[in-house]
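*Asks:* Sequence lines, in order, name chains D and E. Quick note on our numbering: the first sequence kicks off at -5 and runs consecutively. Quick note on our numbering: the second sequence kicks off at 883 and runs consecutively.
Rather than coming from a laboratory, the hints here were simulated on the basis of the structure. All C-beta atoms, glycine included, are put in the ideal place defined by N, C-alpha and C. Take the hints with a grain of salt, since some may be wrong.
Chain E residues, not near chain D, derived (Cβ > 12 Å throughout) [claimed, not checked]:
#1 888
#2 892
#3 895
#4 902
#5 914
#6 937
#7 941
#8 943
#9 946
#10 950
#11 970
#12 994
#13 998
Distance ranges between label pairs, derived from CB positions [unchecked claim]:
#14 74/D / 946/E: 23 to 29 Å
#15 74/D / 924/E: 22 to 28 Å
#16 54/D / 967/E: 40 to 46 Å
#17 75/D / 890/E: 28 to 34 Å
#18 909/E / 74/D: 27 to 33 Å
#19 14/D / 908/E: 33 to 39 Å
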Amino acid sequence: QKEVEQDPGPLSVPEGAIVSLNCTYSNSAFQYFMWYRQYSRKGPELLMYTYSSGNKEDGRFTAQVDKSSKYISLFIRDSQPSDSATYLCAMSGGFQKLVFGTGTRLLVSP
Amino acid sequence: GAVVSQHPSRVICKSGTSVKIECRSLDFQATTMFWYRQFPKQSLMLMATSNEGSKATYEQGVEKDKFLINHASLTLSTLTVTSAHPEDSSFYICSAGVIKTYTYGYTFGSGTRLTVV
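Bound-form chain D, shown alone (with noise of 0.2 Å):
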């Protein structure tokens, strides 16, 4: 078993959709998540950052971070083609190297 799995997608929306990405985890030292954007051939983009349990809020993106379950959710509000992108969930126990998941292709058509 990974200790990171995502769904790679793709995922195909209509513009204005609301996206849904989740990750699911095996190791109950992650501490910190993280959701990365990244455009082909680019580096990735960090979005979101959240530290523990909760949720976190950024303009039309939100993260949550449920640690008893083991799962991370990025939701997308009234999506645009400019979304279009693979998303990368990321997580780590401290000041340790990121452990990735594979990454979901999110295409949104206009």
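Model the placement of chain E on the given structure of chain D, informed by the hints.
*Replies:* Quick look at chain E alone, frame taken from chain D:
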């Protein structure tokens, strides 16, 4: 915000030559930098962790004599692919760990696409 500059963005080299990739933290000091490799449509694979002033820690299966990492200062880390071969063609990305008051995160460079011909 924290910015990590990575150069070159793209390089083509002949088989057998060496290529150096630079990663600089522009507005913060990065005591730790990470080097990743990414194949098409796959996630990032950590190659090594680089700490300023000490030897890099390589992940299992990564040849340390082939992928030389130097982290000589708090703002610069380099990856040198020695005696490159076509199978080394890939997308290489660096990232720096950032610790600030009440925040935490890793900032990535823009990546280097290496093609070995």
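*Asks:* Indicate, hint by hint, whether the structure satisfies it.
*Replies:* Checked hints:
1. Remark: the non-interface label on residue 888/E conflicts with the geometry, its nearest Cβ contact in chain D lying 7 Å away (cut-off 12 Å).
2. Interface exclusion of residue 892/E from chain D breaks down, the closest Cβ pair being 9 Å apart, not more than 12 Å.
3. Against the 12 Å criterion, residue 895/E stays outside the reach of chain D, whose nearest CB is about 18 Å from its own CB.
4. Remark: the non-interface label on residue 902/E is consistent with the geometry, its nearest Cβ contact in chain D lying 18 Å away (cut-off 12 Å).
5. Once the 12 Å rule is applied to beta carbons, residue 914/E is inconsistent with being away from chain D; the minimum gap is 7 Å.
6. Residue 937/E, annotated as away from the interface, keeps every beta carbon of chain D farther than 12 Å; the closest lies near 16 Å.
7. Distance check for residue 941/E against chain D: the nearest CB is about 8 Å away, which does not clear 12 Å, and the non-interface claim fails.
8. No beta-carbon of chain D comes within 12 Å of the beta-carbon of residue 943/E; the shortest separation is about 15 Å.
9. The Cβ of residue 946/E sits about 16 Å from the closest Cβ of chain D, beyond the 12 Å cut-off, so the non-interface label holds.
10. Look at residue 950/E: its CB is around 19 Å from the nearest CB on chain D, clear of 12 Å, so calling it non-interface holds up.
11. Every CB of chain D lies more than 12 Å from the CB of residue 970/E, the least distance being 17 Å, so the non-interface label holds.
12. With a least beta-carbon separation of about 9 Å from chain D, residue 994/E fails to lie farther than 12 Å from that chain, contradicting its non-interface assignment.
13. No beta-carbon of chain D comes within 12 Å of the beta-carbon of residue 998/E; the shortest separation is about 17 Å.
14. The given range of 23 to 29 Å is broken by residue 74/D and residue 946/E, whose C-beta atoms sit roughly 43 Å from each other.
15. The supplied range of 22 to 28 Å is met by residue 74/D and residue 924/E, whose beta-carbon atoms lie about 26 Å from each other.
16. For residue 54/D and residue 967/E, the hinted distance range of 40 to 46 Å is satisfied, since their beta carbons lie about 44 Å from each other.
17. Separated by about 30 Å at the C-beta atoms, residue 75/D and residue 890/E satisfy the suggested range of 28 to 34 Å.
18. Range check, residue 909/E to residue 74/D: about 29 Å between beta-carbon atoms, so the 27 to 33 Å window is met.
19. A C-beta distance of roughly 35 Å is found between residue 14/D and residue 908/E, which places it inside the suggested range of 33 to 39 Å.
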